[in-house]
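With chain A fixed as given, assemble chain B onto it according to the hints.
So the protein sequences, as listed, match chains A and B.
For the first sequence, counting from 1, position 107 maps to 106 in numbering that gives the first Met the number 0; every step adds exactly one.
For the second sequence, counting from 1, position 259 maps to 258 in numbering that gives the first Met the number 0; every step adds exactly one.
Please note that the accuracy of each hint is not assured.
Claimed, not checked - Computed from the model, here is a short list of chain B residues facing chain A with C-beta under 8 Å: (1) Arg60; (2) Glu62; (3) Leu71; (4) Val75; (5) Ala83.
None of these hints come from the bench; they were simulated from the model.
Note that the Cβ used here is the ideal one computed from N, Cα and C, for glycine as well.
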Amino acid sequence: MIIRQTEAADTPADEALMVLVARRDKEAFTTLVRRHQNGLVNFFRRMGDYNCADDLAQETFVRLFKYRRRYRPKAKFTTFLYLIARRTWIDHCRALERRKRAYEKLVEAEILREPSGTDALDDAKARAAAALNVLTDEMRTVVVLSIYQGFKYREIAAMLGVPLGTVKTRMFHALRKLKEALSDAEGHGKIV
Amino acid sequence: MQKDTERSFDGGRCPPSEDVIAAVLDPAAGPNAEQLRRHLAQCAACRALVEDGRAVVGRLRREGAVAPRPDLVPGVLARIPDQAWRVSGRRTLALGRVYRFPVRLPVGIAAAALLVLGAALALRHAASRATQAATVALAQTGAVDSGLDWILARQKPSGGWDAKALGGAPEYAPALDGLAVLALTRAGDARSALHTPLARAASELIGRQTGDGCIGQDFDGTMYNHGIATLALLEIYRATGEARLRDPIAKALAFIRERQSPAGGWGYRNGRDALPNTSITAWQVQSLLLADRLGWQTNRIAVRKAMAWLAGTVNGNGYFGYERAQQFPEGPKTLTMMGAYCLLAARRLDIPVDPALLARVTRGIGELAGEKPTDYYGAFFYSSALTVADPVAFGDALAAAGSSLVAGQRATGDERGTWPADDRWGRAGGRLYSTSMALLALASPQANDPAL
Chain A
0 MIIRQTEAAD TPADEALMVL VARRDKEAFT TLVRRHQNGL VNFFRRMGDY NCADDLAQET
60 FVRLFKYRRR YRPKAKFTTF LYLIARRTWI DHCRALERRK RAYEKLVEAE ILREPSGTDA
120 LDDAKARAAA ALNVLTDEMR TVVVLSIYQG FKYREIAAML GVPLGTVKTR MFHALRKLKE
180 ALSDAEGHGK IV
Chain B
0 MQKDTERSFD GGRCPPSEDV IAAVLDPAAG PNAEQLRRHL AQCAACRALV EDGRAVVGRL
60 RREGAVAPRP DLVPGVLARI PDQAWRVSGR RTLALGRVYR FPVRLPVGIA AAALLVLGAA
120 LALRHAASRA TQAATVALAQ TGAVDSGLDW ILARQKPSGG WDAKALGGAP EYAPALDGLA
180 VLALTRAGDA RSALHTPLAR AASELIGRQT GDGCIGQDFD GTMYNHGIAT LALLEIYRAT
240 GEARLRDPIA KALAFIRERQ SPAGGWGYRN GRDALPNTSI TAWQVQSLLL ADRLGWQTNR
300 IAVRKAMAWL AGTVNGNGYF GYERAQQFPE GPKTLTMMGA YCLLAARRLD IPVDPALLAR
360 VTRGIGELAG EKPTDYYGAF FYSSALTVAD PVAFGDALAA AGSSLVAGQR ATGDERGTWP
420 ADDRWGRAGG RLYSTSMALL ALASPQANDP AL
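The shape of chain A in the complex, shown without the other chains (with noise of 0.2 Å):
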């Protein structure tokens, strides 16, 4: 399922919001809220953290209206929104990594990777949640955006400031692993 939105010819696309967001129109801020909610918490859902997705989300619009300055429209508007939404999830993946540390004796070193609240999920749901947990923090990222987000390679690379070889040789690794983890889960090889 691609989340990423396409915009009906008469509506405002994301980057002119942007130019009157950036003059604090609360109107246009609004729309783009509304229009890319779903996409930002299902990606924080995915990343790992499926309870805290909507705070992150809701975070990261904040940020995006604080950095409003920042934007050009050089570059699609939800790569910006999505390099905001990467740097709120690292910090609050070291959020989490400190009260870890302080309380190491009653988490387990699972945590970052453990989406809780799994069980409001069902059985297909978890498998694929479970088998993106056996993906590197780089791996899932690559393969969250791209997949689920429908991001281009090349705008996952600028995104995450690698190289555009970089993000193939994650994402083809990242297959492979969740292939396997994909089998190990059903106990069988195929997957299909």
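Only chain B this time, still in chain A's reference frame:
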């Protein structure tokens, strides 16, 4: 999904497995589609790779679908102060110091008069105007980037620019350094890569400051140099937050206040008795307003006096004169855009402005907006005034002026990214002046708005 470099690809080796997988997810990042299609028809190993990749991706998408969540808008808006938003009749600051001046009814009516055209158009044509604004901005981005690259490449290790070598008059070096800095900070995108060049430029400007706070040598154009250089230091402070700049900025602001004429304006020379004019006054006012925005709180009296002096130069049509009303040595357009920019910018910082004057000036710039600027200096104030007034309502005029500027940019050679110093001020400012001013005119819509 194993990597096999021995598989053949159009008679040669197989494409790298990473590229084959890329073709599944993003064909633009994969190998040539037609070659790959022919290769897959022959190569079972690569075919299996593609099928495996599709299967994994398909399954992740199917099983990883997540239901939409409740609306986040109320939660997000609750975390942004109400005063951060633009509202009719009252402007307050976002994420900074918030000024709370009482808004009287006449001011509200005046603001409504100022905004009514923009608001009506914005409501009716918001989508198309906003889309147009973004389209223009996209077209101008390349021009801005190449201009900024040229400026950065010409910066000396000491932090300044060689005014003479770039075609300008050496005595205006502080102002020209200042214009280059303004272009970098306002047309640039606040990249951290700019911090080092900006820090070096700040050192150069501070090095030029004399004991009385003046930036640059004392000569007939002292206040030109000083006003622009002070504004540049303030912009560097806004971009980098360097604490070492606070004291030099405070001294530079004090120098501006001390040289204000009893009538409220400023002239070329260093002295309170210099005959004030709109051009010199506009630069001092910009510095005082930005300082106010950044937290220096001792400038309001000077700003109000300056507003009063500027108001005295406005004629019945809402046009600003040079040293007095009805005096237009080079025509009313640039002078009016300068004065209007100051007035509207002050208004954006909630500094009270006479509503009748505001309405007259708004009408005046509306009449003059149809005439494109004829020099870079005028282009900067034209763009700034119309943007602060209403970038949506004046979207067509701004787009036309921007396109005209982009068309005049050098596209090749050593001067690629610059604008020729071929206007009436080019002899004094050279290519650094023309390029910096053009970049400032092309800066993103919000960059020249002091309230943002």
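For each hint, the structure was consulted:
no.	hint	in the structure
1	Arg60	holds, 5 Å
2	Glu62	holds, 4 Å
3	Leu71	holds, 5 Å
4	Val75	holds, 4 Å
5	Ala83	holds, 6 Å
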